[in-house]
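S.K.: Protein chains in written order, with this note's numbering: chain A, 1 to 252; chain B, 1001 to 1351.
Bear in mind the hints are in silico, worked out from the structure with no lab data behind them.
Errors might be hidden in some of the hints.
Partner residues aside, some chain B positions facing chain A, computed with beta carbon under 8 Å [unchecked claim]:
#1 L1090
#2 L1091
#3 A1092
#4 T1094
#5 D1095
#6 R1114
#7 A1122
#8 T1125
#9 S1126
#10 S1137
#11 H1138
#12 R1140
#13 M1185
#14 L1187
#15 W1212
Owing to the predicted nature of the structure, the values given are computational and were not obtained by experimental measurement.
Just so it is clear, CB atoms sit at the ideal spot from N, CA and C, and this is done for glycine as well.
In case you want the letters, here they are:
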Amino acid sequence: MSFIRDTWIIFRRSMVLSLRQPLWVVIGLLQPILYLTLFGPLLQTIAATSGFQGDAWQVFVPGLLVQLGIFGGLFVGFGIIAEWRSGVIDRQLVSPAARTAIIAGRTLRDVVVITVQAIVLVGAAFFLGLRVPVGALLIGLVLVALLGAAFSFISNAIGMATKSEDALAPMVNTLALPILLLSGILLPMTLAPAWLQIVANFNPFKHIVEALRAVFLGQFDSPIVWIGLLLAVVLVVIGAWVGSRVLAAQTK
Amino acid sequence: MKPQSHPFQPIRRLPVELIAVPHNDNEAQVTNTIIEAKGLKRSFKAKGAKGKTIDAVRGIDLSVREGEIVGFLGPNGAGKTTTLKMLCTLLAPTDGSATVVGADLRRDPVEVRRRIGYVSQAGSTSPEAKVGEEIVSHARLYGIDKQVAIQRGKELLTALDLAEIWDRTCGSLSGGQRRRLDIVMGLIHQPRLVFLDEPSTGLDPQSRANLWNHIRKLRDELGTTVFLTTHYMDEADSLSDRILIIDHGTIVAEGTPAELKKRVSGDTITLTLRTEADAVNSGGIATRLNGADAPVIEANVVRFHVPDGATALPVLLGDLTKAGIDAIGVDVNRPTLDDVFLTLTGRSLRD
């Protein structure tokens, strides 16, 4: 099938280029580790006192993983704008490649990069004291990959639709901040007043974070786990749909 | 291949001319006309104003024969790039139809994509990518096998004097090298037709001349049809077998460079005066010269055409002296495409 073949060709090219920038790979890996080492200790005391179930790492690492999926994906749009500027996107659009593959190949690259970062994060957390079942880690990685895919699709789509870093930056920030604040990634939403909790309930990422925390506590049969995974899949579908629409609109 | 070994050899020996005749008329058309556009049109929604549209290309007809180098000449904003993007499937036409290398542009854009090459003025490669990688990955999108892509890529690079760059990063190449690499990328699937968008923009004079040689070689040695846009008259003049001039979204003239220049009556005289008032007065004097056309006055410069510049000049200078006007500079030029454009549109291509 030409879509899969073309996605693979675009993915390989993008992956090779990403690996050629070792500095970026290192910075990407460093960020979650900084969070773990510089922010994690603060949570040790908070986790003991309020709102959370489980130890600090069981609470904090799921939040960090979700954050990695969201932010890892959100900023990739800058890359596609640079590629468009150097003529690469038009060159691929003039080829018979499947339109969707042009964006899906790049998103697949982002998913691989984000998943590797997530593995490093989980590994570092293990050394700091995280103890969870292997199944929980696998579900965590799947969730990160799904979120990374959804946000990479959306970021690439915004990048191609605006073709301007100046437009992309504020849009990404506007999208990211409420998602972060209303998801309970850094602090549990149970600490929030009632109205804020109600607002947060509309944020799908709150449920995704809760799902992953439940998994990390070993509550695999909790319905929230399925809700979280389902929400992530729905986000990927929406992202892929928006992404391919924007790519197809390039030649409209 | 010997004729005897041809799998479709006719049973009776036919005269060569008869064997060469194609089976139907359609096929004959495909081999002769490589682009045929009718009423191709594109309008954009105007920004800010609701419901308003801007007609970038207002229904143009054009046809290009196989093996031609056609120059598409016009000022910035005339609709050149919009037309090119439509013919390359990068932009859907609002109306009209076109057949490009035998495929219908609107019904089967994917087939058009398989059959054309496109070299954008924006480039085609990432600066951090290696030349060989970009060539191979691009070729793979056309379903070309990796080994074939490597071999073909290296041959094309050699043909464009880029033999040693396979393992270099694209960002380390000079502007001229990178432009030639873009052409290699556009030719990797051996298209019969290649579109070049403003090929020499931003290159130094030496690289331009070199690039022009390579573009000519494309046609002369590979038989590739070349359709190029440019806003440089010298480029259109020196490269094209035929030129189409576009202005305000319509084709205003078409012909060989020589034919187009014949449309301009005679030589151009350009007078530079000290003041704008002098320019206006000189314009009046110029009009009285034998066979002169209406002068175009831009600030202190007057331009007009006379059938024969060499005989008109002494008369003109005498008249100017009598009127007490002092010319700073006088130029007599054989017609250029810029003059053609000026004659056709009343504006200079440089504007």
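S.K.: State for each hint whether it applies.
M.R.: Quick rundown of the hints versus the structure:
1. L1090: Holds. Min distance 5 Å.
2. L1091: It holds, given that the least Cβ distance between B/L1091 and chain A is near 6 Å, below 8 Å.
3. A1092: holds (5 Å)
4. T1094: violated (10 Å)
5. D1095: Check failed: Cβ of B/D1095 comes no nearer than 14 Å to chain A, outside 8 Å.
6. R1114: The hint holds - B/R1114 has a Cβ within 8 Å of chain A, the shortest such distance being about 5 Å.
7. A1122: Interface hint status for B/A1122: holds (4 Å vs cutoff 8 Å).
8. T1125: Holds. Min distance 7 Å.
9. S1126: Constraint on B/S1126 satisfied, holds at 6 Å.
10. S1137: The hint holds - B/S1137 has a Cβ within 8 Å of chain A, the shortest such distance being about 4 Å.
11. H1138: holds (7 Å)
12. R1140: holds (5 Å)
13. M1185: holds (7 Å)
14. L1187: The hint is violated - B/L1187 has no Cβ within 8 Å of chain A, the shortest such distance being about 13 Å.
15. W1212: Interface hint status for B/W1212: violated (21 Å vs cutoff 8 Å).
Of the hints listed earlier, those the structure fails to meet are numbers 4, 5, 14 and 15, in rising order.
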